[in-house]
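> Sequence:
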Amino acid sequence: MVLDITRNKMIDTVPAPEGMPLTIQLKALLDQEIRYQPKLCGLKIIESAQENGLRMTVRLRDYEVKDLLSLTRFFGFSAETFSLAVNLLDRFLSVMKIQPKHLACVGLCCFYIAVKSSEEEEKNVPLASDLIRISQNRFTVSDMMRMEKIIMEKLHWKVRAPTALHFLRLYHSLILLQADADSKKSLNIDRLEAQLKACHCCFAFSKIKPSLLALAILALEVQEQGLCELIEAQQTLQLQSNIKAGDLVCVRELVGKCLIEYASTKCSKPSHRCILKLVIW
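Using this note's numbering, the first residue of the sequence shown is number 399, and each one after it goes up by one.
Be careful, since some hints might not be right.
Stated by the list, open to error - Keeping only pairs whose Cα atoms sit at most 25 angstroms apart, straight-line, the calculated DSS-like set for lysine-lysine is:
1. 464 x 582
2. 425 x 547
3. 547 x 437
Stated by the list, open to error - Ranges between beta-carbon positions, derived for each pair:
4. 582 x 421: 33 to 39 angstroms
5. 579 x 554: 23 to 29 angstroms
6. 495 x 588: 36 to 42 angstroms
These are calculated hints, taken from the structure and not from any lab test.
Every residue, glycine too, gets a C-beta built ideally from N, C-alpha and C.
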């Protein structure tokens, strides 16, 4: 059974279709950005929570996001699907206090909403029962239907958010306009998107605007690749996005630390639950 709650109501869509000039697309995304941010006060509650099994914590959130990344890879879903799922999860967790025992259902529902919103072909949308089985959860399809309705109502049916991935791709396209052939080869979008996925697995970036996170990832790559000729173009993007230089430097350093930690802890491997199912299949 494919749940169709998200298909039965009007859902906010991000403005600025791809056919419009890149600078207009950027302005439209920036105008929309604040409406789709997690509530900072709610995130701080999660950040301050202790590991007692009764409250949501940073560790539990990060673990759930890594599971969603594993599911994304398992099904071959797009980076858009994963980035949107993380946005939905963080926004919901920031407005609803949930018990850890409900996190798996919340996470899977956010993932399912993202799949139905982002995957272009409906035939790619799996059955809810298959999602539950592959993720090795014990709740039912009915549980998912109830939870999906709660999530959609709490998020006011605003699903298709301007995510860090949207900004990253847009910044990448804009900066390439000023790049020579060698620089274009060095700024690989697949590598940048992989870095963003790693950042999504770190709670700290939930509190940072998507535009700032995206530009920080790009700025770090420009720095590490030694692409001095693109610094001016990067600064132009910074001004257009109304991002302070100090904030960009701070988040760029945070991204660098995150990527080092991510690589050292082997977070990129599929979770044990997906590995089990792969073996079973």
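> If a hint holds in the structure, say so; if it doesn't, say that too.
Consistency of the hints with the structure:
1. 464 x 582: violated (30 angstroms)
2. 425 x 547: violated (32 angstroms)
3. 547 x 437: Holds: residue 547 and residue 437 sit about 20 angstroms apart, inside 25 angstroms.
4. 582 x 421: 33 to 39 angstroms: This hint is violated: roughly 19 angstroms between Cβ atoms.
5. 579 x 554: 23 to 29 angstroms: violated (46 angstroms)
6. 495 x 588: 36 to 42 angstroms: holds (38 angstroms)
Checked against the numbered hints given earlier, the structure breaks hints 1, 2, 4, 5 and satisfies all the rest.
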